[in-house]
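S.K.: Here's the letter readout for the chains.
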Amino acid sequence: MNTPILQISDLHAGLEDKPILRGLSLTVRPGEVHAIMGPNGSGKSTLAGVLAGREEYIVSGGSVLYKGQDLLEMEPEDRAREGLFLAFQYPVEIPGVSNTYFLRAALNAIRKHRGQPGIDPVNFIKLVRQKAAMVKMDEALVKRNLNEGFSGGEKKRNEIFHMAVLEPTLAILDETDSGLDIDALRSVAEGVNILRGPERAFVVITHYQRLLDYIVPDVVHVLVDGRIVRSGGKELALELEERGYAELEAQSRSENQPALAAG
Amino acid sequence: MNGRSVMSNAITMPPNPVASAQLEPFLADFRAFDSRQNGSEPLAVKQLRQAGIASLAATGFPSTRLEAWRLTDIDPILQGHYQHPVAAPTVDAAALIPHRLAGCASLVLVDGHFSADLSDLSGLSEGVWAGSLAEALRHPELLALETLGRIARFGDPAQAFVALSTAFVRDGAYLQVAPGKAIERPIQVLMLASGGSTVSYPRNLFVTGAASQLTVIETFVSLNESAHFSCPVTEIAVGPAANVDHYRVQKENRAAHHVASLVLRQDQDSVFNSHSVMHGGALVRNDVVALLEAEGVSCTLNGLYVVSGKQRVDNQMLVEHAKPHGYSHELYKGILDEEARANFLGKIHVHPGAQQTDAVQANRNLILSKGAIAHSNPQLEIFADDVKCTHGSTVGQLDPDAVFYLRSRGIGQEAARSILTYAFAADIVERIKVPALRTDLESFLFNLLPEGDVVRQMAI
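In the order they appear, the protein sequences are chains W and L. Going by our numbering, the first sequence opens with residue 1, and the numbers climb by one from there. Going by our numbering, the second sequence opens with residue 1, and the numbers climb by one from there.
Honestly, the hints are just simulated from the structure, not real lab data. Any given hint could turn out to be false.
To be verified - On the chain L side, residues computed to face chain W include the following (Cβ under 10 Å): (1) 400; (2) 402; (3) 410; (4) 411; (5) 412; (6) 415; (7) 422; (8) 425; (9) 450; (10) 454; (11) 457.
If you're wondering where the values come from, they're calculated on a predicted model, not measured in any experiment. Cβ atoms here follow ideal geometry from the backbone N, Cα and C, with glycine treated the same way.
Build out the structure end to end from the sequences listed, making use of the hints.
M.R.: Laid out in structure tokens, this is it:
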């Protein structure tokens, strides 16, 4: 069996004085696409933030192995250089920094880490054109300042464009579908599907089942109150769409708080 | 009050003994300077100088009780002991090379004195007069004598340094562009402090005719590390429908004191754009007064200050919208590290009747360390009812979300900070239209930033 790309065991994490993830375990192997679904406040974005290395989250227990290394010990940039990519739920607007030049600096930082020489400008432009076409990213946006003045959909598409150029080993998509119209959703999904391959894995975090019509997951997990309460095949997403999260939430709470339930 | 309206040989002393003690070295220098002039200057200049010293003696130096000087501590300046060079000292031409801007004519002042040998005024178009102010004042066909002192006013205690500088008017750069003429290449006015504890009072006067065009760069540099004091005054008369691009680079040494005034007056439908870059000096005070005294003028005043250590930089802007349909746009940005301090006071004054004024003012400060402090004080005084005036000021650190975003794509933390710091300055850098000047500023920033090489590669 394949060595897992990501192995999360009994992870406890949260903001100061506020536990959010309470014993989350998840194993992702090469070639797999995992969907993580759950209601608002269940800890989906916290999971993405902890994996990418956001400093505001405090890990109080458990472990995360990424390609066998202790991920939590790594700086955010080292995680990225090792092939971890987070598509942000809210990509940051950065005036004064060109999207293209930034992406070249990022790609070169990753290549340098791998002991490869920097990409030459001509090949880089070719690469950018090819990837932009792949995710149907407007070339004008490629040249503009990073996310500055981009619409919500354009920002999400830009995240997928970055992912396509950087070719990560593990991509985490944090609610990339929220706020997208159907065309944007399709091209984002197409971008992901083209990148799918035996060496690469995806964790697709979403509130809605809709995206999973286009990115068909191998496994669907339901995250409630900071723990995975159910896992199943792609049909689980459809079930959730029909029945909602309420039942699972009630169940999780009665298991977690027996004293309260009894009292 | 106009400088020429005060005329007196009697110097009245302010009663305060501290104020008198502060003034005395400057008054003594004035007496020596005045006797040396010995009739070599036009009478009007002598009278202007005397008006300057009389005004200074009457007001004394500004105290921190004055709003405009509340945050500028001038004690280090007044405690200095300065030599006032009688003539331009000899300077090795090679020492200037790093400071010259490629593609520009140059007009070099050494300690405030014009140096023909060091200047390169070749290739200027017909209709352009460029050279020494002292000489220009003796040419009756030029507008130097009748314009000098008419734009930079003094008399108010807050204008004491204009009065001081005026008291010592002798030389500087004079540029005049005839109506309808345009300069072929930008002119750099390179002002050098030759070394030693010198004081200099360069007086620059630029007069542009109707529908003319001028690009001028004022550069202030020190040739060594000794403490000196520069007290320049620049007056600019922008003619009707003229277009003036003005740049100023203050990169004197880290011990220098610098109190500068730039006063410009715009005639109808003229366009004036100014970009100031300040990163030198121990104490830099930069006063800009824009007199929009005719209809339909456009005035842009942008600035970038980049300071660290114990540097102090204080920018005071005053835009006088006196007539209708005026447009003014001010953007001053600051990057402060270590224990640097910056102060910005920007006042927009819209006079009664100056309808359809469109004025924007913004001051943005980026604080890179806990010890740095920036004050920002925008002021609007509006006495017309049909105007559009906005101002905004910010003092903040690098956005941690932006730093994280860059890091999450593989950029190192220090590189991310360098990229974002450069990006903060970029909108000023990008507006500089003189290629050599822009390259200079870019290089300065790349060298300053810890991961400047990453930024340099990104900018190519």
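S.K.: Evaluate each hint against the coordinates.
M.R.: Structure-based check of each hint:
1. A cut of 10 Å between beta carbons decides the hint on residue 400 of chain L: the least distance to chain W is about 8 Å, and the hint holds.
2. For residue 402 of chain L, the shortest C-beta to C-beta distance to chain W is roughly 5 Å, which falls under 10 Å, so the interface hint holds.
3. Interface restraint check for residue 410 of chain L: the shortest CB-CB distance to chain W comes to about 4 Å, inside 10 Å, so the restraint holds.
4. For the restraint placing residue 411 of chain L at the interface with chain W, the shortest Cβ-Cβ distance is roughly 6 Å, inside the 10 Å limit, so the hint holds.
5. Given the 10 Å rule on beta carbons, the hint for residue 412 of chain L holds: about 5 Å separates it from the nearest Cβ of chain W.
6. Nearest Cβ of chain W to the Cβ of residue 415 of chain L: about 8 Å, under the 10 Å cut. The hint holds.
7. Restraint check, residue 422 of chain L versus chain W: the minimum CB separation of about 7 Å is within 10 Å; hint holds.
8. Interface hint status for residue 425 of chain L: upheld, as the beta-carbon distance to the closest one in chain W is roughly 8 Å, under 10 Å.
9. Hint status for residue 450 of chain L: violated, given a least beta-carbon distance of 15 Å to chain W, over 10 Å.
10. Taking 10 Å as the C-beta cut-off, the interface hint given for residue 454 of chain L holds, the closest approach to chain W being about 6 Å.
11. The interface hint given for residue 457 of chain L holds, since its Cβ lies 7 Å from the closest Cβ of chain W, which is under the 10 Å cut-off.
Checked against the numbered hints above, the structure violates only hint 9.
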